[in-house]
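Chemist: Here are the chains, one letter per residue:
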Amino acid sequence: MIRVENVWKSFDEQPVLKDISLTFERGKTNLIIGKSGSGKTVLMKCLVGLLEADRGRIVYGDLDFSAMGYRQRRVIRKELGMLFQGAALFDSMSVTDNVMFPLSMFTTMSRKEKEMRAAFCLERVNLHGADHLQPSELSGGMKKRVAIARAISISPKYLFCDEPNSGLDPPTAILIDKLISEITEEFNITTVVNTHDMNSVMEIGDKVVYIYLGELWWVGSRHEILHTGNKELNDFVYATELMRTLKK
Amino acid sequence: MGILLRRPEKASMYRRKIVVEMDLLGLESLGIVAIISVFMGAVVTIQTAFNTDHPLLPIYAVGFATRQAIILEFSPTIISLILAGKVGSRIASEIGTMRITEQIDALEIMGVNAAGYLILPKIIASMIINPALVVISIFLGIFGGWMVSAATGVVSLHNYIYGILFEFSSYDVMYAIIKTVVFAFIIASVSGYFGFYTRGSALEVGNASTKAVVFSSIYIILFNLILTQLLLI
Numbered sequence: 001m002i003r004v005e006n007v008w009k010s011f012d013e014q015p016v017l018k019d020i021s022l023t024f025e026r027g028k029t030n031l032i033i034g035k036s037g038s039g040k041t042v043l044m045k046c047l048v049g050l051l052e053a054d055r056g057r058i059v060y061g062d063l064d065f066s067a068m069g070y071r072q073r074r075v076i077r078k079e080l081g082m083l084f085q086g087a088a089l090f091d092s093m094s095v096t097d098n099v100m101f102p103l104s105m106f107t108t109m110s111r112k113e114k115e116m117r118a119a120f121c122l123e124r125v126n127l128h129g130a131d132h133l134q135p136s137e138l139s140g141g142m143k144k145r146v147a148i149a150r151a152i153s154i155s156p157k158y159l160f161c162d163e164p165n166s167g168l169d170p171p172t173a174i175l176i177d178k179l180i181s182e183i184t185e186e187f188n189i190t191t192v193v194n195t196h197d198m199n200s201v202m203e204i205g206d207k208v209v210y211i212y213l214g215e216l217w218w219v220g221s222r223h224e225i226l227h228t229g230n231k232e233l234n235d236f237v238y239a240t241e242l243m244r245t246l247k248k
Numbered sequence: 001m002g003i004l005l006r007r008p009e010k011a012s013m014y015r016r017k018i019v020v021e022m023d024l025l026g027l028e029s030l031g032i033v034a035i036i037s038v039f040m041g042a043v044v045t046i047q048t049a050f051n052t053d054h055p056l057l058p059i060y061a062v063g064f065a066t067r068q069a070i071i072l073e074f075s076p077t078i079i080s081l082i083l084a085g086k087v088g089s090r091i092a093s094e095i096g097t098m099r100i101t102e103q104i105d106a107l108e109i110m111g112v113n114a115a116g117y118l119i120l121p122k123i124i125a126s127m128i129i130n131p132a133l134v135v136i137s138i139f140l141g142i143f144g145g146w147m148v149s150a151a152t153g154v155v156s157l158h159n160y161i162y163g164i165l166f167e168f169s170s171y172d173v174m175y176a177i178i179k180t181v182v183f184a185f186i187i188a189s190v191s192g193y194f195g196f197y198t199r200g201s202a203l204e205v206g207n208a209s210t211k212a213v214v215f216s217s218i219y220i221i222l223f224n225l226i227l228t229q230l231l232l233i
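Sequence lines, in order, name chains A and B.
Residue 54 in the working numbering sits at position 54 of the first sequence; the count goes up by one each step and never skips.
Residue 190 in the working numbering sits at position 190 of the second sequence; the count goes up by one each step and never skips.
Isolated chain A (complex conformation) (with noise of 0.2 Å):
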């Protein structure tokens, strides 16, 4: 579990997030939606480290990750599991080697055993006879399964997906999705999605968090966020044609 307290964040003293304090349960697939530039990201790099929150608390189970120094944080850090927008894969090693990092740089395991955790790892987001390509020989569906593979090969507590379906085809983004959940619910971890992709919300959505300029707007699951009669939400909720037409 992740509580955030009265998290606050500014850049040149205009505040980006204002006081939110929610908690992301552990077994379920946390959702935080919003439209661009209403803090989701700056929110996710507080939860992760890469940004400092101004105020606030970050406490990870019962640690407080916000008040810990370098050292103490790394402990927690290889508990994290992250796949970015952009998959962030390392373009100088192989799928097999990306999926081999982690383990290579904190576990002990042999050469033989860290292959067979990799093969496991990749057989698991179904990415079959990819081994031994290079990033850059990878399709974008391709790229976001290796980099989950490679956040679930040291058996993370915590998994963080930024926009983890941006520039997919709906086909393949609804396969992303619900390979997370489904790694998830699997490894009961804690997983946290940042998206403004309504259709992430319901096929995956336990918990969905809506952040509008900057303050916590409202929390829910994927079957309450549409009978909402909150405005704002309504707007985002409802901005599509489709969503629309579905509504009426």
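Note that these hints are calculated values from the structure, not bench results.
You can trust all of the hints, since none of them are fake.
With a Cα cut of at most 27 Å, we get these calculated BS3-like pairs of lysine-lysine: (1) K112(A) x K17(B); (2) K207(A) x K231(A); (3) K45(A) x K157(A); (4) K45(A) x K10(B); (5) K207(A) x K35(A); (6) K178(A) x K207(A); (7) K178(A) x K45(A); (8) K178(A) x K35(A); (9) K35(A) x K247(A); (10) K178(A) x K247(A); (11) K112(A) x K10(B); (12) K10(B) x K114(A); (13) K10(B) x K78(A); (14) K78(A) x K17(B); (15) K114(A) x K17(B); (16) K78(A) x K207(A); (17) K157(A) x K10(B); (18) K17(B) x K211(B).
A partial selection of chain A residues facing chain B, derived with a Cβ cut-off under 10 Å: (19) V48; (20) I76; (21) L80; (22) M82; (23) S104.
Glycine included, each C-beta is placed from N, C-alpha and C at the ideal position.
Based on the hints, put chain B in the right spot on chain A.
Modeler: Relative to the frame of chain A, chain B by itself:
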């Protein structure tokens, strides 16, 4: 610098990366170093032969001057400047691209000291491999002079070799190696710095690469003056 020297997460991963970097930054530069050294040695010999054509100067002075020019300045300084262009731009653009494609963020989130893992092995590899390149450059430069002497007869081979061996001091080679180690540190650390702190888009990677080459070259020239003053005078 403090970030670079943090304790490595796994020493064996860093050692392996140093070997890889020695290949990428050093051995892949061997070709250009060899070509430039042979031709520069040949040109220095011809230039010296034409400019020391005086009855009071012994003919072996051509070999002597060629050796001194190559050991003291050409190989350590000019080769380092060439490496600043080739290796410096490579380091800055590689790390800069990793920054803008979030690969560095991925390392940080895993708990890897990205600056240490990406820059420190390059610095150590450069400080090991560049002196080796410079020693090879010295031999090839002198060989270039010998080759042009044999081909054109600007100086007899006997006089050229006598001049090469005349009053040879091993300290001169040591001086060249010390300078090269310092220059190698400058090239890898300055380029690593500009790459690591790249912000924005692909355009910024180009800017970082240019800045890396320009600043590395300026620091090399500056430290060349300081080290010459400290080590030779």
